[in-house]
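Engineer: Residue numbers (the numbering used here), protein chains in the order written: chain B, 1 to 367; chain F, 1 to 378.
Keep in mind that a hint or two might mislead.
Unchecked claim - Per label pair, the in silico range of CB-to-CB distance:
id : chain 1 : residue 1 : chain 2 : residue 2 : range
1  : B       : N167      : F       : E116      : 26 to 36 Å
2  : B       : S69       : F       : V34       : 46 to 56 Å
3  : F       : Q121      : B       : I25       : 48 to 58 Å
4  : F       : I30       : B       : L158      : 50 to 60 Å
5  : F       : S100      : B       : M30       : 28 to 38 Å
6  : F       : K53       : B       : Q140      : 21 to 31 Å
7  : B       : T157      : F       : L266      : 53 to 63 Å
8  : F       : N346      : B       : L12       : 51 to 61 Å
9  : F       : N149      : B       : Q140      : 12 to 22 Å
10 : B       : L317      : F       : N77       : 35 to 45 Å
11 : B       : L201      : F       : M224      : 23 to 33 Å
12 : B       : Q140      : F       : V34       : 50 to 60 Å
Worth flagging that the hints you see were computed from the coordinates, not collected in a lab.
Beta carbons: idealized from backbone N, C-alpha and C, even for Gly.
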Amino acid sequence: MKLLALIKKEFLAVWRDKKSRFILIFPPIMQLFIFAFAATLDVTNASIAILNRDNGEQAFELTQRFHGSPIFRHITYLKGVEQIKPYIDEQKGFMVVSIDEQFSRNLDAGKPADVQLILDGRKSNTSQIVAGYAQSVITQFSRDVETKYEYPQINITLFPRYWFNPNQLYYWFTVPGLLGILTMVEALMITALSIAREKELGTFDQLLVSPLLPGEILIGKAVPGIVISMAEATIILIAGILVFQIPFTGSFLLLYLSMFVFVCAIIGIGLFFSALCSTQQQAILAAFVFNSPAVLLSGFATPIENMPKWLQYITYLNPLRYFLEISRGSFLKDFPARDVFKDTWPMALIAIVTLTGATFFFRRRIQ
Amino acid sequence: MTGKGSMWWRRVKALVVKEYYQIVRDVSSIMISVVLPLLLLFIYGFGVSLDIKHLRIGLVMEDTAPDAQSFAKSLTNSPYFDVKIDRSRDRFDQMIVDGSIRGIVVIPSYFSAFRERPPNQAPIQVIADASDPNTASFVQNYVAGAFANWLVQENISSNWQGLPLVNLQPRYWFNEQLDSRYFLLPGSLAIIMTLIGTLLTALVISREWERGTMESLMATPVRMWEVLVAKLISYFILGMVSFILSAFLTMLVFQVPFRGSFLLLLFAASVFLFTALGLGLFISTVAKNQFVASQAALITAFLPAFMLSGFVFEISSMPWPIRAITHVIPARYFVSCLQTLFLAGNVWALVLRNVLIMALLGMVCYLLTIFKTAKRLD
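The following block holds chain F by itself, in its conformation from the complex (with noise of 0.2 Å):
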């Protein structure tokens, strides 16, 4: 028993080898498995960011009224914004439409008359671009931020009774500065495992079945399910090593905290790594020619890590159907995993949840493969 045990695994040890030797020669599987994630991790510490700096806006002072004259000066010291300002609205106008500016802050020329006659309200308008959604509700917020910022000036030093009688206090817990990089690179590493373990192994995985070496592979002594055993082992390590890079990389170059176990991080990436390679070996089980299998592999596995995990698009917000989908997505078990482990720490409920369900999903990748491969062998 013991003999025949070690058999077996001395020739998937011979085929790990061999695998090695493939990958470090083939120049594409090196462009997948390092030129591309650093790269992806590079747009993503540096490019992909939705914090608004300085929003560009014009200001129109149609009325020149005291009041209106410290708002604007309050805008214009502003760190958040950057003001042009004019007496009529023509320019801005046309400046919206090209997208050089974001809003338009108009002091209307009745702004002073309106305050003497009831209810006593003088209007300021505030024009957003809504044709980018998310920075028109930023152009909103900043403005009332800072609306409400200098009424409490003017308070302090006018002593004038006009507060809002309701204060509001946020706090946002794990994320003080509000910086998006801090949740989107770490989200970024589940896209970078996808690319590895999917994308590359249903590419391999089929290249062998499309040069018909996979056959010539079973009419040597090694069994079938040795050999891909063998592939999955060898794009494991691939995987993870990749990954340890990344992580490091996220931590040291662009200083996102990390609080939680460096363990449990690596336990979690091992588990959703064991999934997408599931999901690679199922697809090329099925596909067996390269071109279909990496359109699959875009399909099914690259495109919903982006855009269903949750790592830029909240999920609650999609319609319910697409909500249902999210559901089989591994992607999106392993992000909310890697966000909470790099940001608020050692949630073990939560952790231990998704953990759970990226295995079961890949167990059920495992156990499609072979219902598959069996019936084809009959």
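In isolation and in its complexed conformation, chain B is listed as follows (with noise of 0.2 Å):
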């Protein structure tokens, strides 16, 4: 019962203040919207510009290819050599196709031509995907040329195909993560604040003297971050399959489940820094730092296997690592539960260690 009561109190605390409401609401909402949208590593409306020194007909019915696919939106035909430095250098574009005076010649008579494609290495992860598009359109030309001329062909034909999200939709890929992340943010902020507030209040003193125990205090702390973290996570869940018309193939109640785990072991952490900082903004400042670690280690921008091993190996201690597993699966690979508990064990072990963790410190600071 007086537990009860000190839950509802701290409910009351976190929604009563109009700009704190304000913070829980509107920021996460917004940063889905425009992060989804944004974060995206796919290439459209690329720049490109085409320097052809060839007059023939082949030259120009390959100019033509590159205007068909929409990946290229702005097609700038440069005059000469000379211009191809001052388009790259001051980022005007990412490419530019170079096609020499003998392309078409080549071509007529069944040699092999070439063409240059000059990339901008300042941005090397979105010249490689406009080159591969690049490369697309190019071997297409060539197979019609063969054709056309009957010339001896690869009898080989390689047939990609995109499992789980046909077109590469990339925001298939961001939402489930910001799923995870915006949880994970609003979860640590509600919990972090909660002790270093009252603090800073003078009211945590008159806590401490009412017949709660310490236990059932944290208890009354970790309870509203529990609830409104998932509930902000059930509004972006339903935001991801409604509004993005992303596909839920995997089971409710395992995400569910792996995500009560997951917010647990943020809920400790944040425990740990409220009673670690005296002022919010120490508070605030210590969930920013571990934040941006977090999510730059979890897999949600970079892959993980492409960080060094020693690194890779600090990523088991990072719950979020986890837990975007898990989201992505349930979203996207209807994941097994064989695979949702494979990634849930360790974010349970990693809960224990920093609810208790955060218990024992919270003890031992108030003797």
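Please dock the two separately framed chains into a single complex, following the hints provided.
Structural biologist: And the structure:
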């Protein structure tokens, strides 16, 4: 009963203040919508230039193929080699396609012809993808010429297939990731601020002299964080399915069970910061210092397998890494229970360590 | 006139000394200005990479035609792939779901048969796990590249007429090794500067308002603009020191080449810092409360510097409303300067244009602050 009253009080403390209510609701939703579309490694609307020094029909035909592709939107024609450097240097586009004088003559004679691509290595990831698209345009062109002139052909073809996300929509990858990140940021912020706020306002001592046990106080502080962050996760989940139209193929029950374990692990970290910090500013900064590496080392923006081995071992300590796997798997890959369990038990371990750690630390602070 | 001038300068100097003590004593400002930049630089230097070194793929050999075997061999010999081979797809279907492989190359049972009948094409299926679209496109590109290499080798060894007629010769300027750290690390300097310029400054000034120490200062002969100028000077120095330290680490420890002029880099950095400080000042003037100021700084400065600056995610690929927003994000212009000065050298037209826009955005922040402050004093 006492505990229930405390939990009610904690909810009110978070909810009553208009500013903190605003901060809890508005930014996560705004971030979901902006980042779902902004956080894309996909390439569309790329600006490129073509330098065509050949007057023949074949070269003209090839340039038309680039116009037909939806990836290349703004195509500039350069007049001479000397224009290549300023075009790339000043980042007017990612790529210059350079066709030499011999191009059409070589092809008409059945001889191989060269096309040079000059790419901006300052954006090597985007440039590689742009080059990949150029490759497929040119390969198709090459095949058509071979068929037309009945030149000998390669008799093996690669058929690319994209599973789980056939149109390679990047936000299908981002939104399940944001489900994990925004839930983590929310849970951490609420709990990290909870004790620090009372310390700053001086109400913490009143709480300590109440008949509540330290363990009960901690539970009272943890419950609002768990409930509010899981409610927010539900909003993101619904938005992902209904607004973004991302297929959800897995099990809701398994997703929520693992989410509960994940949130508990984060709450433990938040309570630990809260017990450690004496002002809200310190708590905000501590949460921030935790969040940045946790997001960067979670596989959200760049895959964990690209990291050096020793750093990959460090990511095993990051609860977000496991939940991202489950979230992405549950959305797109119909994640079976076996795989969900494989990613949940490490989070459960982390949760036990952080929660007992926070309790221990909290008790010691009181005495 | 000169006497009066030196008076205010003395007061500002005294205030800068006061700021210095506050910074040195406060653990949290040391955290943001020294620990966090080093931590971020460290993570960007070691951890964040878009370059896939070993793609784990499964290879299904349903047909064992000599051609198929020779292609399989070229995949297993390639340093870019970590290949597991099986006769059937069942095991790989499971592994692609749990993420232990990124793609499956299938040489189907009808491989040889299809070559015998028109249109005489033997198919090889390349399945990529597109739940991560970026890695999926690398799977496709790498397998296509391995395939093209294999064709060339086959052609040399058997004098077989079957090379594609049009050859592609890609050249990557500025970054021949295609190392994504080369552009991620310089870009991350913009984030570090944003942390100090906007987040820390907004927090510190709003703390003075929240605790009422700003009013105490205003009761002294010191004028408010002198207090603010002293804060800006202090955090400008702190930001530049942190920037120079981080830039040196990027060049010396992480071995990112630097091809531009160091003076131009310092100039661009100080203009960006001027703008970031202006935004921090404006936020603190409006918010006057640490919690709101920190959230506002995160939303208007830190997250845009990370997501909307073109540092990881390409601006031209974003939908147009978001592209429009990026035009008022100062970090966008700074990231472009940093990547250019580090990798391409002094491209004056680009650097000067970007510096000019940053300076204009900074002026807007200061004008808004002055307008807001003037209104309050009435």
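Engineer: All hints are to be evaluated individually against the structure, with a verdict given for each.
Structural biologist: Hints and how they fare:
The hint said 26 to 36 Å for the Cβ distance between B/N167 and F/E116, and at roughly 34 Å that hint holds. Take B/S69 and F/V34: their Cβ atoms lie about 48 Å apart, and the range 46 to 56 Å holds. Checking the proposed 48 to 58 Å range against F/Q121 and B/I25 shows it holds: the Cβ atoms sit about 56 Å from each other. Judged by the Cβ atoms, the range 50 to 60 Å given for F/I30 and B/L158 holds: they are separated by roughly 55 Å.
The supplied range of 28 to 38 Å is met by F/S100 and B/M30, whose beta-carbon atoms lie about 36 Å from each other. Against the hinted window of 21 to 31 Å, the Cβ-Cβ separation of F/K53 and B/Q140 comes to about 30 Å, which satisfies the hint. Between B/T157 and F/L266 the C-beta distance comes to about 54 Å, which sits within the given range of 53 to 63 Å. At roughly 59 Å, the beta carbons of F/N346 and B/L12 sit within the given window of 51 to 61 Å.
Between F/N149 and B/Q140 the beta carbons are some 20 Å apart, a value that agrees with the proposed interval 12 to 22 Å. Taking 35 to 45 Å as the suggested C-beta distance range, the pair B/L317 and F/N77 conforms, at roughly 36 Å. About 28 Å separates the C-beta atoms of B/L201 and F/M224, a value consistent with the hinted range of 23 to 33 Å. Separated by about 54 Å at the C-beta atoms, B/Q140 and F/V34 satisfy the suggested range of 50 to 60 Å.
Every hint, counting from the list given before, is met by this structure.
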